[in-house]
Every structure is written in structure tokens, then in C-alpha cells.
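Undergrad: Spelled out from the first residue to the last, the chains are:
2 protein chains.
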Amino acid sequence: MSNPTAAILIIGNEILSGRTQDTNVNFLAKRLAARGIELAEVRVVPDVPHRIITAVVQLRASYSMLFTTGGIGPTHDDITSECIAAAFGVPWEIHEETFAAMEAYMGKEHFNAARQRMATMPRGAKPINNKISMAPGFTIGNVHVMAGVPKIMQAMYDALEPTLPTGTPITMRAVYGMGILEGAIAAGLSAIQDRFADVDLGSYPFRRDGAGGVAIVAKGTDPKLLESAIAEVSQLLAAQGFDPIQGEPE
Amino acid sequence: MSNPTAAILIIGNEILSGRTQDTNVNFLAKRLAARGIELAEVRVVPDVPHRIITAVVQLRASYSMLFTTGGIGPTHDDITSECIAAAFGVPWEIHEETFAAMEAYMGKEHFNAARQRMATMPRGAKPINNKISMAPGFTIGNVHVMAGVPKIMQAMYDALEPTLPTGTPITMRAVYGMGILEGAIAAGLSAIQDRFADVDLGSYPFRRDGAGGVAIVAKGTDPKLLESAIAEVSQLLAAQGFDPIQGEPE
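Residue numbers (the numbering used here), protein chains in the order written: chain A, 1 to 250; chain B, 1001 to 1250.
If you are wondering where the hints come from, they were derived from the structure by calculation, not from laboratory data. Please note that a few of the clues may not be correct.
Stated by the list, open to error - Straight-line Cα separation of at most 30 Å, BS3-like style, residue types lysine-lysine; simulated pairs: (1) B:1126 / B:1108; (2) A:30 / B:1030; (3) A:131 / A:30; (4) B:1108 / B:1131; (5) B:1030 / B:1151; (6) B:1030 / B:1131; (7) B:1151 / A:30; (8) B:1030 / A:151; (9) A:131 / A:151.
With the rest of the complex left out, here is chain A:
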């Protein structure tokens, strides 16, 4: 696949402490796949400047684009914006347009120093507008800086999406075999994978309501190839005496 690639950097002590269950990765993974952008890496780092800066420098150099989530509010632990400036080696300065808009919205008397920090961005940043929050997301170079709160992050991604490059949408087809054990079909699956170089064939054991089985998922950019690969997997399951159930991968 020659699709654009992406990484996600989650800046979040609350994920590392176990306080919060991340859901932003799953949301972005699905939306990026539908746009033909390959999510190639995710990292979670704490609210520590050198950790954030190093990760931004590495990830934005390694992939077509980087999305960050978290750390853009007005409190002392919101340090993403100045870390992005450091990663780009540009000044961190008042973004005049955002400053004026926030001041007008809040009123001069409530627009205190902490809130003015939210209007401070790396030089060259372009704000990501969203309809539900004043949270100051922005794009600079190939880095998209978004909120950590899922609803605000999602609104920002909605605003951002039309500006992103597109690739061939990445889709999936799946077949389920109840009661099957991976070890019984591994050789056959491997042979099918060898015949379909452009399909990414994954095998995932699952348990549900006390019963177990295996989901075989074909992922790729050519729906016809996915159908063909899944048809072969279904034959493999049937030949082993199992009833293959085709369906959407979930």
C-alpha cells in the first residue's frame, strides 16, 4: 500500500495511571482507515516536556502525519503547545486572531493569564476550529494538535478531516469459525496469506458467552482481493468440518 501514514501521540498521565480508558485511538483508527490513511503507530507518554518533544520529533519524521491528543487546556499540566513549539524550534507566542476571539467571547475581565496561555501557539500554527469548544487545537506542519476529551477531539477531527490527504480506503472482511482452534488451521491460513501478498490476513481467537472460536480478518485496499481471500479461508474452515460465518469485522 502506498497510502499516507499516520501516528497518534497520546499525552496523558491519566491513561498511564489507569484512571482513564482511552477511546480516541479507536475513533481515529476507524476514521483514518476510511480515508485511506494507514495508522502505523501509537504512543502514550506522560506530561513531561522532554518525553513529549522527543516523541513529536521522532513520529512526525517517521510518518506522513502526526495527531496528538491531550494537554491543550489552561492548567499547569497542559504543556503540549509549548512542547510542539520546542519540537519545531519556533517561538511560542500569542496567536493574535485566537487571542482576540477568546477575549471577545469571554469578556476582558475573565480573560485571565491562564486563558491567555490557551491563545499562545507555536509560530506558524493554524487553529483547528470546532463547534463545541474554545479549546485551542491547531495544525503546524504535519502535526495536528487536538484535545484529549473525546467529544472535543472528535469535533476537531471532523473539522480537520477535509484538509487531510487521502489514500485508497482500507477495508476489512471477516469470517468466523466457532469452536475452531487456531492451531488446526494455521498452515492453511499461512498458505492463503502467501497467495495474497496485498491482503493482510489476521487471525484472532475470541471467547464469547462461554464459547470460543477464531475470527479471520482480511484487511486491505482492494475489496475484490479481500473477498477472494475470505472465500479461500471459508473453504479451509469448511474442509476442516467447521461452518464458516462471514460477516463484518467488529
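Given chain A, work out where chain B should sit, using these hints.
TA: Relative to chain A, chain B alone:
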């Protein structure tokens, strides 16, 4: 804090594709915190050998220990074990004890080549026994290789936990202010953080049932300091006319 540190490496195309919502990080984060081990980084990489090997080499050098999840089954996409061998520069070879146990359990006629692969481990690996699965988790050096299926991973962690180093348990205390905006308390919070160098004070806006507020979470290894910091935050909220609600962080 001079607690031991840990990283998690998730080897999982299914997380990056959006097919699966990861829950292993949250489980491990809580259990590690309770044992006094600081979870310092998480990475998700695809089932690609050089990506796995590079991440293992980097993460195990950077932290006291590394946990990997995923990729230890018998199918062609299960490549974690050989990648760990490559990362350690040791041969990948039959683990005699595991081989014998699996052969006895499955019977010689079902113990095919794919299943024999599951009994193949990096030289020096020590199997992680668990009660619910034959999945071949193992420990080598400071790397703990676990299954991706949450129930199996959890059983492996249960078996592994007594062998891990311990630190001072990391706990949290929280106070919630409904209707509060972060920008109104940011300066006060920052001053409290400055007075409590050994407490990690985080501020997390939330929305629930249409109402919004902020959760202030104090994290650290000294419960008395956490109480003191949260008491000061409660006073700050009260001084702003808000009703502070103390509770367990969730």
C-alpha cells in the same frame, strides 16, 4: 518517585485498524500502580518484524521492565516470539519442557508444525504458566511476553505479578467541581502544584449527562500528601464559590 518503571508494547494490527478497542493497557496500568510500578510509556506497533524488534530494544533499555501483548499464537501473523529472540540476539529454539507438555496435552497426532511453533522460544526464556490457556507467554530478561486476548493476558499477569519488583504503591485522590471551568482555577492550581513537588496534580474537564465540570486528581506515593493537596484544592474551589465533591478517582 524512585519506583521501578515499565512500558507496554502492544503488537496488534487489530488495534491500529480500529477493529479492536484495547483494554489491556487500562488493566495493566491499574495493577502496576497498585504494585508501585510506574507505567511510563505505551506503544502500539503493527505485526512487522523490524518495528517490533526496534521497539523491544528501545523500551527494554529505557525502563525497568517491558510487557508485550499479542502475537504469540500459532498462526502466520504471530511473530512476537521470534522478534524477541532477534531483539535479544539469542537463538529461537524448541523449549523442551513446553514442547513435551503441549504434546502430552494435545496428543501427538494434533501437535502439528504450527503448534510446535508455539513451543519455540528465545533461548533463556522462562514460560509464564497460566490456568486458562496453553498460550506460550514467557519472560526473558526484563521482558514479559503475554497474550493479546484480555482474559489470557490477565491470567498471565496474575501468574507473573509475584515475580515483579515492588515499589511504593501509587494512589490517587480526586475532587470534582461541577460547573467549574479550568481557566478560572488554573492559577490557583498551579500554585498548589508548586507547593507539592511530590504530588502529580492533574486537571481533567469532563462532561456527563449534559453537565460539565473539572476533576482534579492528585497522584503519588504518599497518601498524606495527596490528602493535603486535595484539601487545598477543595479550599480553592470553595473560595471560587463551587462545592467541592471529594471522591475516588474513576
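Undergrad: Let me make sure I understand: some of the numbered hints might not hold for this structure. Which ones are they, in numerical order?
TA: none
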